[in-house]
Amino acid sequence: MIYPAADLSLPIALAVAFFLLVGAALALIGAIGFLRLPTFYERLHAPALGTSWGIGGIMLASMIYFSVASSRLVIHEVLIGIFVTVTTPVTFMLLARAALHRDRTARSHGVPRKYPIGPEERPREDDEPQA
Amino acid sequence: MSAVIIYTAVAIAQFMLVVAMAIAAIRMFRGPRAQDRIIGLDTIYINAMLLLVTFGIGTGRVIYFEAALVIGLLGFVSTVALAKFLMRGEVIE
Chain A
0 MIYPAADLSL PIALAVAFFL LVGAALALIG AIGFLRLPTF YERLHAPALG TSWGIGGIML
60 ASMIYFSVAS SRLVIHEVLI GIFVTVTTPV TFMLLARAAL HRDRTARSHG VPRKYPIGPE
120 ERPREDDEPQ A
Chain B
0 MSAVIIYTAV AIAQFMLVVA MAIAAIRMFR GPRAQDRIIG LDTIYINAML LLVTFGIGTG
60 RVIYFEAALV IGLLGFVSTV ALAKFLMRGE VIE
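Residue numbers (numbering that gives the first Met the number 0), protein chains in the order written: chain A, 0 to 130; chain B, 0 to 92.
By construction, these hints were calculated from the structure, which means they are not laboratory data.
You can trust all of the hints, since none of them are fake.
Per label pair, the in silico range of CB-to-CB distance: (1) A:L13 - B:V90: 43 to 53 Å; (2) A:M0 - B:R29: 40 to 50 Å; (3) B:E92 - A:F17: 47 to 57 Å; (4) B:E65 - A:L13: 22 to 32 Å; (5) B:V79 - A:L78: 17 to 27 Å; (6) B:R32 - A:P10: 44 to 54 Å; (7) A:L9 - B:P31: 48 to 58 Å; (8) B:V17 - A:E41: 18 to 28 Å; (9) A:F17 - B:A24: 24 to 34 Å.
The beta carbon of each residue, even a glycine, is placed where N, CA and C say it ideally should be.
Produce the complete structure using the sequences and hints provided.
Written out as structure tokens, the structure reads:
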């Protein structure tokens, strides 16, 4: 089933184009920040631009386009949006924990130290990252 | 007129997404440690998924949505497996 773009009215086409460009520009900004930021823990924040509003903008554009072009409500793009919104914090949290574990094992500089939670979990001497 | 607007926007959006994928690939090849490479791979598959959705808008076919959904599912699983491997040294203990 093919829905041609020539059937759309002008405001709908402008809305679709706007959301497409916003989403793609945010994905590009996230990638540029991912290339330019200095440390890993700062780089981790940049691609979240693409996974939050990059996904949101392009999925909104797709929903508007197919809903108007097929003249019925098409919202199955919400599936991708919800899935990516739920899974991105999980992957980034796992990766940040793994990177922290690796940095503490390698004793590199600039790693946040472990804070004691209770008296039984006070850090020993060899838990200090810059010992 | 509306077709011209939509096709131009789709072309510009595809160009931006391809540039974003190229930048993420640069970081993936250059990244100082393994976790940078994994985040680069994650960014690449997210952008590939967005690129497939823009292909769907440009051609007016719904079939690209399903490919994008499969890429999203498998990419999440692969990134979690790689993060687990970095943490423990093996995926399934």
